[in-house]
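Trainee: Next come the chains, spelled out residue by residue.
Protein chains: 2
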Amino acid sequence: MEILEQIAQEAEQNTQVPAYPRSVEKVIAAVMSSPNFWKIVDLSDEPLPLVAEILKLLNKRDLVVFEGNQILLTEAGAELAKKLGIEPFASHRCPTCNGRGVVIDDSLRPAFEKFLEIQKNRPPAIHQYDQGYVTPENTFARVALADDRGDLRGKKVCVLGDDDLMSIALALTGLPARVTILEIDERLVNFIKEVSDKYGLNIDARVHDLRQPLPEDVVGAYDTFFTDPPETVEAIKAFVGRGVATLKGPRCAGYFGVTRRESSLDKWARIQKVLLDMGLVITDLLHNFNEYVNWDYYQEMRGWQLTPVKEPPKEIWYKSTQFRVETIRGFKGFNEPIVGDIYNDAESSTT
Amino acid sequence: MEILEQIAQEAEQNTQVPAYPRSVEKVIAAVMSSPNFWKIVDLSDEPLPLVAEILKLLNKRDLVVFEGNQILLTEAGAELAKKLGIEPFASHRCPTCNGRGVVIDDSLRPAFEKFLEIQKNRPPAIHQYDQGYVTPENTFARVALADDRGDLRGKKVCVLGDDDLMSIALALTGLPARVTILEIDERLVNFIKEVSDKYGLNIDARVHDLRQPLPEDVVGAYDTFFTDPPETVEAIKAFVGRGVATLKGPRCAGYFGVTRRESSLDKWARIQKVLLDMGLVITDLLHNFNEYVNWDYYQEMRGWQLTPVKEPPKEIWYKSTQFRVETIRGFKGFNEPIVGDIYNDAESSTT
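Each protein sequence line maps, in turn, to chains A and B. Residue numbering for the first sequence follows my numbering, starting at 1 and increasing by one per position. Residue numbering for the second sequence follows my numbering, starting at 1001 and increasing by one per position.
Here chain A stands alone, though its shape is the one from the complex (with noise of 0.2 Å):
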């Protein structure tokens, strides 16, 4: 049997998460590009737990070597690459947008500096809640990315949890013509409140719990939300399924990130499957769009206790796909009640 098919099969077998002998030539290609392990996950773009067991796999086999914090394919390893053909990665990232293919304008920039300012003095992230947020430009891209789709001017937004800080950003633009958060974390509805009320924006922040249905006058009365759902099928079910129970009717738009970091290609493809059959389509999906900053609890991770090498993430490894959907005719959302842990499986690592 072939060395990488064989490798993919033990890796898979050790992790419970699909592997590909695709996955293991991604992750020597990636070890060509790096010698840094949250570079090689990040390039890779395949699962944490899933990199680390194949990086393993091939220490096991001499054709990787952990240096000190340095990841390097051995002569052996080099050897394979050039027999099969591997290469390391290209870029060809626009510079200007970051490859998010909108910008923070003109129109758009006092808003988008006032939005630095304030969130200086953010909440840090917890992990008790599964936080973690993205860069402020980020944030903003978000905003350029919704307006751009026409998703914003005149719109009631609903945002279904809020590290990130979207409603700020949102009602600094001064374009919906309401913004509503529902948040789990006192400390950030706290934070969003004071805010909304030292630069008049008018946000209607509200502690709530999105594993209890929805307030009664919040369903079926927007016309975007913005969500960042936990990373398994089902957590994505019930959290972007409330925020389609926020919409007012078809034709209306929800943005949310998945990533490929806690999520296979596989779990993809039952994640489209839920969203199509909640009356879905896909109409953007923007690689690696959202850009996670590095949290401080990170030793508290799953993930940490898989890396084959103890260093701290310095640069950005964790990203998402930006995606955006609109209802159509019959769309369905979901209001339930959420009971038992949706939040872990065999693929996730930062939790």
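It is worth saying that the hints were derived from the structure and are not from the lab. Glycine is no exception: its CB is placed at the ideal position from the N, C-alpha and C atoms.
Cβ-to-Cβ under 7 Å is the rule here; a few derived chain B residues that face chain A: (1) Ser1091; (2) Thr1096; (3) Gly1099; (4) Gly1101; (5) Val1103; (6) Arg1153; (7) Pro1250; (8) Asp1266; (9) Trp1268; (10) Ala1269; (11) Lys1273.
Use these hints to put chain B onto chain A, whose structure you have.
Mentor: Same frame as chain A, but now just chain B:
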């Protein structure tokens, strides 16, 4: 009944294209942004036959007026827009990459410049084969995208139908291990062969009617495919299915465009279900990535009969969303003969 709902229902009855109050809203917002019919189709992102019908219905109600070739809101139309909070479209599209997220950077520039010269002598697009090609920048941006995603270096690439001259662009970079094209139009195959000989590109170019099953040696032999299917659900199933049938295994990639100009989002949802049912997962959806050079046969196409004003398009108006898909375990291509007319439905307008 609300007026937007009324117009949507009447438009749907007359065109058999799904129409929503939001569709009418988008057409009004587009008229507020431009007086040009083709730009209105472009901005509203609704199928051409539907946009044309909605404009006629707005005109019948004295909300829109046709003055020469200009399409304008009447005073009553402007009042309605104000009352409903409809605003013109805003764009935050990145000026560097034209919203594509990838750029033709220094590493690709020499090949791109050769391509610019070569394509000047390309055969013109003809109606017989439903042709229409993208700009040369666009063809090369697709190369940049596929290389950025790791789908070209050392890979075998199959192009199914090639009025965009993807095969020449791909081969000029020297990145793929092999480039094969299958194309019904002998003019194109001969042109590609001549260029391949002159520049030593080693392109495997074959005359092939894609309605027939693939040549045996092409089945299951490639890493990556490109195609540009006609815009019906059946055609996408058949032609993307052909592309999938060329792939060697799971986690190989396919690239193709789907437009909004000839497809409602309801049709998009059916298309996305077909893709998932084939064992594909959608990894990228890049809005308006593809821009088609205006073709000469516009007066022969169905859309021309439908336009409320008869002005030829000057700027690019026909755009499409770039899809990237990957195969996962259990994927299944389509290699049966294609019978019957699968090129037309109520939403098509350029055939």
